[in-house]
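Participant: Here is how the chains run, residue by residue.
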Amino acid sequence: MLRYLLNKIVLVLPTLIGITICAFAFVRLLPGDPILAMAGEHGVSPARYEELKEQFGYNLPIWQQYAHYVRDAATGNFGVSISSKRPVIEDFMTLFPATIELSVFAMIFAMLLGIPAGIFAAVKRGSWFDQGLMGTALVGYSMPIFWWGLLLIIFFSGYLGWTPVSGRIGLQFFIKPITGFLTLDSLLYGKWDAFRSALSHLVLPTIVLGTIPLAVIARQTRSAMLEVLGEDYVRTARAKGLSSSRVIGVHALRNALIPVVTTIGLQVSTLLAGAILTETIFAWPGIGKWMVDSISKRDYVVVQSGLLLIALIVMAVNLIVDVLYAVINPRIRAA
Amino acid sequence: MKKKLTFAAALLAASVLGGVANAKTLVYCSEASPANFDPGTTTGGNDFDASSRTVYSRLVEFKHGGTEIEPGLADKWEISDDGLVYTFHLHPGVKFQTTDFFKPTRDLNADDVVFSFDRQFNKENPWNGEKYLPNLTWDYYTGMDMPKYVAKWEKVDDLTVKLTLTEPNAPMLANLGMDFASIVSKEYADQLEKEGKMADFSTKPIGTGPFQFVDYQLDSVIRYAANPDYFKGKEKIDDLVFAITPDATARIQKVLAGECDIAPYPNPADIGTIKANADVTLMDQAGLNIGYMSYNTTIPPLDKPEVRHALNQAIDRASLIKSLFQDAGATPAENLIPPTMWSWNKDVKSDAYDPEAAKKVLADAGLKEIQLWASDRVRPYNPNFQRAAELIQADWAKVGVKAEIVSYEWTKYREEGKKKERPGAFQIGWTGDNGDPDNFFATLFACSAIGVSNYSSWCDKDFEDLIQKAKKTSDQAERTKLYEQAQVVFAKQAPAFLMAHSQVYAVVRKNVSGYMMDPLGIHRFDGVDKAE
Numbered sequence: 001m002l003r004y005l006l007n008k009i010v011l012v013l014p015t016l017i018g019i020t021i022c023a024f025a026f027v028r029l030l031p032g033d034p035i036l037a038m039a040g041e042h043g044v045s046p047a048r049y050e051e052l053k054e055q056f057g058y059n060l061p062i063w064q065q066y067a068h069y070v071r072d073a074a075t076g077n078f079g080v081s082i083s084s085k086r087p088v089i090e091d092f093m094t095l096f097p098a099t100i101e102l103s104v105f106a107m108i109f110a111m112l113l114g115i116p117a118g119i120f121a122a123v124k125r126g127s128w129f130d131q132g133l134m135g136t137a138l139v140g141y142s143m144p145i146f147w148w149g150l151l152l153i154i155f156f157s158g159y160l161g162w163t164p165v166s167g168r169i170g171l172q173f174f175i176k177p178i179t180g181f182l183t184l185d186s187l188l189y190g191k192w193d194a195f196r197s198a199l200s201h202l203v204l205p206t207i208v209l210g211t212i213p214l215a216v217i218a219r220q221t222r223s224a225m226l227e228v229l230g231e232d233y234v235r236t237a238r239a240k241g242l243s244s245s246r247v248i249g250v251h252a253l254r255n256a257l258i259p260v261v262t263t264i265g266l267q268v269s270t271l272l273a274g275a276i277l278t279e280t281i282f283a284w285p286g287i288g289k290w291m292v293d294s295i296s297k298r299d300y301v302v303v304q305s306g307l308l309l310i311a312l313i314v315m316a317v318n319l320i321v322d323v324l325y326a327v328i329n330p331r332i333r334a335a
Numbered sequence: 336m337k338k339k340l341t342f343a344a345a346l347l348a349a350s351v352l353g354g355v356a357n358a359k360t361l362v363y364c365s366e367a368s369p370a371n372f373d374p375g376t377t378t379g380g381n382d383f384d385a386s387s388r389t390v391y392s393r394l395v396e397f398k399h400g401g402t403e404i405e406p407g408l409a410d411k412w413e414i415s416d417d418g419l420v421y422t423f424h425l426h427p428g429v430k431f432q433t434t435d436f437f438k439p440t441r442d443l444n445a446d447d448v449v450f451s452f453d454r455q456f457n458k459e460n461p462w463n464g465e466k467y468l469p470n471l472t473w474d475y476y477t478g479m480d481m482p483k484y485v486a487k488w489e490k491v492d493d494l495t496v497k498l499t500l501t502e503p504n505a506p507m508l509a510n511l512g513m514d515f516a517s518i519v520s521k522e523y524a525d526q527l528e529k530e531g532k533m534a535d536f537s538t539k540p541i542g543t544g545p546f547q548f549v550d551y552q553l554d555s556v557i558r559y560a561a562n563p564d565y566f567k568g569k570e571k572i573d574d575l576v577f578a579i580t581p582d583a584t585a586r587i588q589k590v591l592a593g594e595c596d597i598a599p600y601p602n603p604a605d606i607g608t609i610k611a612n613a614d615v616t617l618m619d620q621a622g623l624n625i626g627y628m629s630y631n632t633t634i635p636p637l638d639k640p641e642v643r644h645a646l647n648q649a650i651d652r653a654s655l656i657k658s659l660f661q662d663a664g665a666t667p668a669e670n671l672i673p674p675t676m677w678s679w680n681k682d683v684k685s686d687a688y689d690p691e692a693a694k695k696v697l698a699d700a701g702l703k704e705i706q707l708w709a710s711d712r713v714r715p716y717n718p719n720f721q722r723a724a725e726l727i728q729a730d731w732a733k734v735g736v737k738a739e740i741v742s743y744e745w746t747k748y749r750e751e752g753k754k755k756e757r758p759g760a761f762q763i764g765w766t767g768d769n770g771d772p773d774n775f776f777a778t779l780f781a782c783s784a785i786g787v788s789n790y791s792s793w794c795d796k797d798f799e800d801l802i803q804k805a806k807k808t809s810d811q812a813e814r815t816k817l818y819e820q821a822q823v824v825f826a827k828q829a830p831a832f833l834m835a836h837s838q839v840y841a842v843v844r845k846n847v848s849g850y851m852m853d854p855l856g857i858h859r860f861d862g863v864d865k866a867e
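The listed protein sequences correspond, in order, to chains A and B.
The opening position of the first sequence corresponds to residue 1 in the numbering used here, with each subsequent residue numbered one higher.
The opening position of the second sequence corresponds to residue 336 in the numbering used here, with each subsequent residue numbered one higher.
No lab work stands behind these hints, which were simulated from the structure alone.
Positions of the beta carbon are idealized from the N, C-alpha and C atoms, including for glycine.
It is possible that part of the hints are untrue.
Claimed, not checked - Rough simulated footprint, nothing fancy, chain B against chain A, three-plus residues with beta-carbon under 8 Å:
#1 75-87
#2 149-155
#3 234-242
#4 275-284
#5 321-327
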């Protein structure tokens with residue numbers, strides 16, 4: 001097990017180096033630069049431009065800029081935002097809990113609906129329910145988040161008035177963050193109405209962000225379940241006269257869950273990508289919205305450090321999933 | 336799908352939504368997060384709404400809803416006959432805000448005023464550089480050419496400040512009403528410096544303005560309270576909240592749902608919905624902006640005014656504006672400055688649509704091909720450069736000129752566009768800073784702006800003489816005459832195709848009173864009230 005873990009960790013290193021190169025290169029490949037982006041319509045005189053370039057260190061050779069970036073990142077220094085002048089890590093830590101909270105809710109939503117739906121579809125293979133569900137899942141999978149989000153806002157918040165349009169909590173609530181998760185913090189303060197407000201603000205973004213993972217999980221559960229249901233041991237179990245629910249719930253599901261767990265792990269990156277649009281539409285103060293703002297401002301420091309931090313998290317989650325996988329499926333460990 | 340709805344309904348059933356905000360809390364749905372709260376260091380309109388227009392005041396202010404200058408922290412001022420010395424007399428007894436992070440021990444005085452400007456240019460001032468914040472650029476201070484014009488700021492006595500210029504510059508007064516000229520507290524700065532918490536100056540602002548800062552939750556909510564000591568009297572609303580809502584559709588839905596009281600910048604597509612709603616008012620005004628297209632006047636045959644006129648005549652401007660701005664509408668531009676600005680010359684008319692006349696001139700000049708530049712960005716004065724380019728391309732094709740559309744991403748676009756050797760016609764525009772005509776004429780078409788923001792590379796002696804003279808004259812009536820003449824020269828020479836001044840909108844709930852559109856494009860909440 002330890003060897004398996006070490007193996008996985010060693011493999012992470014080249015990925016990490018690749019990510020630093022990508023993060024560094026991508027934002028520089030975009031036309032325009034932070035100095036011009038800051039100057040706005042005014043423009044900036046060529047002399048002043050050179051002066052500023054020197055001040056920001058963008059006159060140095062590109063490899064040197066990269067070396068500085070890697071050196072700083074390795075020592076835990078993620079730099080200071082060009083536009084807000086605040087340390088990147090500080091903003092990241094402030095905003096990240098909002099993204100996690102939304103992602104956790106979206107994932108729970110996707111699993112709670114996706115897994116049962118997948119099982120049911122597999123059991124009733126070929127039925128109208130199966131057909132309908134898989135069709136819907138395909139629609140869900142291809143749903144443009146931006147459009148879907150606005151549609152839900154206009155219908156549920158605008159037309160029906162059931163949910164708040166956007167934001168994280170009602171403006172009358174003034175919750176000083178403890179954990180940064182507002183649903184948790186409001187409970188810690190014992191403010192029930194704040195908790196309800198936070199929850200009601202989560203409804204629409206959760207649905208929007210959870211839609212794609214929901215579709216993927218439902219489809220994956222269905223196909224894994226179908227495969228398992230055809231296995232000899234399931235037939236044996238049935239032949240022994242076990243109840244259908246016991247066969248499906250105990251014998252089949254446990255084995256079918258192995259690929260589903262992997263899928264769920266992989267969905268973490270989908271969630272973070274989806275968070276960018278979801279957060280922008282719902283004015284959700286998380287890292288997705290923060291990255292979009294920073295890219296349009298050509299805030300090199302935030303983009304390259306933010307990407308690195310996000311990549312580190314995705315890799316950590318994937319590592320955890322790999323470990324979990326090994327726990328669920330002992331065959332992997334031996335390999 | 337059905338399951339999803341059931342789930343949403345279940346969650347909703349479990350939650351009773353919180354009530355709307357309190358009676359005297361005004362909620363403004365702002366379009367973006369402020370970079371920080373020190374208006375000397377930022378450049379965005381949303382930064383200024385959240386800092387200078389709420390927390391701070393200036394020596395002079397723009398009249399609410401206009402571009403004229405009125406007294407601010409300075410009750411009155413004198414300008415010496417040579418236009419070089421400005422003496423400001425400060426309002427006595429102005430208090431800086433008292434908050435849980437700062438308690439002032441003295442009133443505003445000349446030291447605060449001198450410090451507010453000194454920090455922006457004096458490299459010796461500890462607040463000028465790294466010690467305060469990394470990578471400070473003081474963009475507006477340099478952008479408005481303050482280092483060139485300001486010789487020195489001096490304290491005469493506690494309530495008198497003297498500003499000496501290097502050369503006469505009439506727009507200076509308007510500059511001092513701008514956001515970067517907000518007056519900060521030297522006492523607060525000294526305290527933070529002593530405590531080693533200088534960066535707090537940009538995150539926990541202290542000023543003399545109508546509202547004081549309470550709290551900012553990053554990218555989410557900014558809270559202010561009415562400043563009880565405000566020298567012009569306490570505001571009627573008790574609390575002001577900025578709910579940061581970047582998506583335009585969500586912003587409008589929030590006003591319609593009563594989650595906020597005022598929201599700026601609706602999508603043109605939503606304007607119909609807004610007008611049809613009985614709970615809200617759609618306010619509009621011709622913006623302090625101009626969308627135009629600069630011809631490079633140094634490259635033949637565009638160096639000839641008649642060719643430029645002919646290209647203008649070939650464009651069906653009314654259709655162009657209608658197709659581009661749709662429901663949002665825009666005012667066709669007759670002059671470079673909008674009609675809301677003083678000195679606008681009502682007798683000047685831009686070229687009328689006349690493709691037949693244009694065709695002949697262009698054929699004689701031998702103009703067959705031209706580059707037509709377009710960018711990807713939505714600007715207040717031009718919602719779609721690409722679409723505009725296609726329409727103009729079609730119009731020019733009708734008079735025998737083949738236009739090749741050149742596109743770049745916005746920053747690269749301006750970088751390439753301002754080069755002296757850039758060929759063809761370049762779409763661009765401008766949003767005014769300080770309501771002074773100089774801010775349009777000199778910024779965009781002065782000889783010294785070539786290579787910076789004079790995209791026509793146009794340097795006309797008559798025009799230049801007029802605008803430079805107007806810049807040096809303090810008398811506004813005299814200046815008005817000079818700018819009116821400059822507009823005549825501009826119309827004759829046609830260094831650019833003037834398209835339109837776009838409308839600016841705000842959506843306001845009916846129970847809000849006293850809110851005014853501002854021609855400078857800022858959002859102010861002083862004087863605003865809200866009914867129960």
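Participant: So, for every hint listed, does it hold in this structure?
Facilitator: Against the structure, the hints come out as follows:
1. 75-87: holds (count 6)
2. 149-155: holds (count 3)
3. 234-242: Coverage by chain B is violated here, the residue count being 0 at a Cβ distance below 8 Å.
4. 275-284: holds (count 4)
5. 321-327: violated (count 0)
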